[in-house]
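Asks: Let's have the full structure, built from the sequences with the hints guiding it.
Number of protein chains: 2
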Amino acid sequence: MGLLVVGSLGLDTVYTPFDKVEDALGGSATYISLAASYFSGPIQMVGVIGTDFPKQYIDILANHNIDTEGLQTIQGGKTFRWGGKYHYDLNVRDTLFTELNVFKNFDPIIPDKFKKSKYVCLGNIDPTLQLKVLDQLTDPQLIVCDTMNYWIEGKKDDLLQLLEQVHVLVINDSEARLLADEPNLIKASKIITDMGPQSLIIKKGEHGAMLFTSGTIFSAPAYPMEMIFDPTGAGDSFAGGFTGYLFKTRDLSPNNLKCAVIYGSTLASFCVEKFSTKGLEDLSYLKIQDRYREFLNLSRIDDTE
Amino acid sequence: MGLLVVGSLGLDTVYTPFDKVEDALGGSATYISLAASYFSGPIQMVGVIGTDFPKQYIDILANHNIDTEGLQTIQGGKTFRWGGKYHYDLNVRDTLFTELNVFKNFDPIIPDKFKKSKYVCLGNIDPTLQLKVLDQLTDPQLIVCDTMNYWIEGKKDDLLQLLEQVHVLVINDSEARLLADEPNLIKASKIITDMGPQSLIIKKGEHGAMLFTSGTIFSAPAYPMEMIFDPTGAGDSFAGGFTGYLFKTRDLSPNNLKCAVIYGSTLASFCVEKFSTKGLEDLSYLKIQDRYREFLNLSRIDDTE
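So the protein sequences, as listed, match chains A and B.
The first sequence lines up with residues 1 to 305 when you count with the working numbering.
The second sequence lines up with residues 1 to 305 when you count with the working numbering.
None of these hints come from the bench; they were simulated from the model.
Predicted model only: the values in this text are computed from it and were never measured.
All copies of an identical chain are treated as equivalent in the list; a pair is satisfied when it fits inside any one copy or across any two copies.
In silico DSS-like pairs for lysine-lysine, Cα to Cα no more than 27 angstroms straight-line:
hint, residue 1, residue 2
1, LYS118, LYS132
2, LYS204, LYS187
3, LYS287, LYS187
4, LYS190, LYS204
5, LYS287, LYS190
6, LYS187, LYS85
7, LYS278, LYS187
8, LYS274, LYS190
Replies: As structure tokens, then:
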């Protein structure tokens, strides 16, 4: 069985102070799948596109050992589109437009051959759909899930129902504060893990990430980047690298979860170095391991006492 | 020889959402000295107070093996006073008042017996005064220095002259951005170390601290605190713990600097748990080492590959 990834596929228009792209390959399932593809295959992707989705984008996915059999193509439909603009410090972004298009009526049907998937990564989509996915699976052993402010505010009940089934929730610091209704992240982490997830990862952008699991806290550093080119997809790449590494190693021990957090951070750091998915297209496991070691060295200390 | 600490002593009035204090023991030299006192003695303090400085505060210092012979008491003068108010998230503070009083004409005269000090920590005071201190020392081997936005903006020339002599500059992220005139902290670190300091520590509050030394970067986690009671003095406690540990170990290798950063973070975490200097008054080296180990565990990962 492969790693099941469900989420959005889209055509992104992105403006940063450095450059812009139109109708670039995007979407949460895309970033997750590309990031995860460097660890072990196959990646089994479920999502929806229109007939305007470029053939060359399908080729990029296929070239990364991503099985697109679960992609629904709506005849005559238009693919989901998102437009955003980043400001100088790249922490602030304005959404310019969101066209749901074929995503509006998306019904995530899991092909029979994917239903026995043991490792699942649910990209950031409506929790109602995320629940529908889980309902079709026979024996998931690791469910990693992302969400966002929009669903925390608008679909809280469905989200809470979902969280009871989720093993690892991956969200950023503002989402954690909103979900827990608590500004202190340490207190928030306890409130959120009480909602169901055995493990919680809080991503803090340029300040790294924190893993809360089995009553312990792991603090992962951020990669010291002199230049962030395009932050789009960083969170999805994190989730993809994290889940991909766990899928490859089949080891859910606390220490291996820590390693997976560093691999997630590694993939996110590659993602933001180039526009759109470019940073994830030409990697190798060797390159990933080199940066993983750089990450470890950032917080390494030889304790002689 | 002892560890020479020069800075302010003051009477602080602090309001937080939890409590308030008036005329509490404060000042950069106070926090630095108390934090450093747990590592090795004696601490040799140079500063100025008025005759209104309570005898019991002198006793607190003396009880921590702090030599107050370098304290100038201005007869009939009033001690430096500062008042501040913290808001709910404790990251924002308003200065309510600053009364320089005896600090206005402070001339830091280093007693002869302190002039051969090898280890020096310059608390956050006017860089003109910090320069005056260094002029009186015969052979300093480690000069750790703090500063703030006020001096970066108002006394840039003196500060730049000072930085040429400083071994370790300890500032926070907003100060680093201002000093380097560069928003990216990695780029800023290079600009600042080009100004003179061999090592730079950038404190990031709830996001930990970064050490830049010998071309490498070390990322230290923050202690996961559910409750910060009073942030006053956290930066000074960091500098005191950092310098105190180096003074005790007499080892300026990159790895020992990393350990010192964790000890600095440790002392800062104790500081903010109680009001004013209370968090630094009843520690022990054992308590400090226990928390130091907790810090190490936060970023520890067993790398099996």
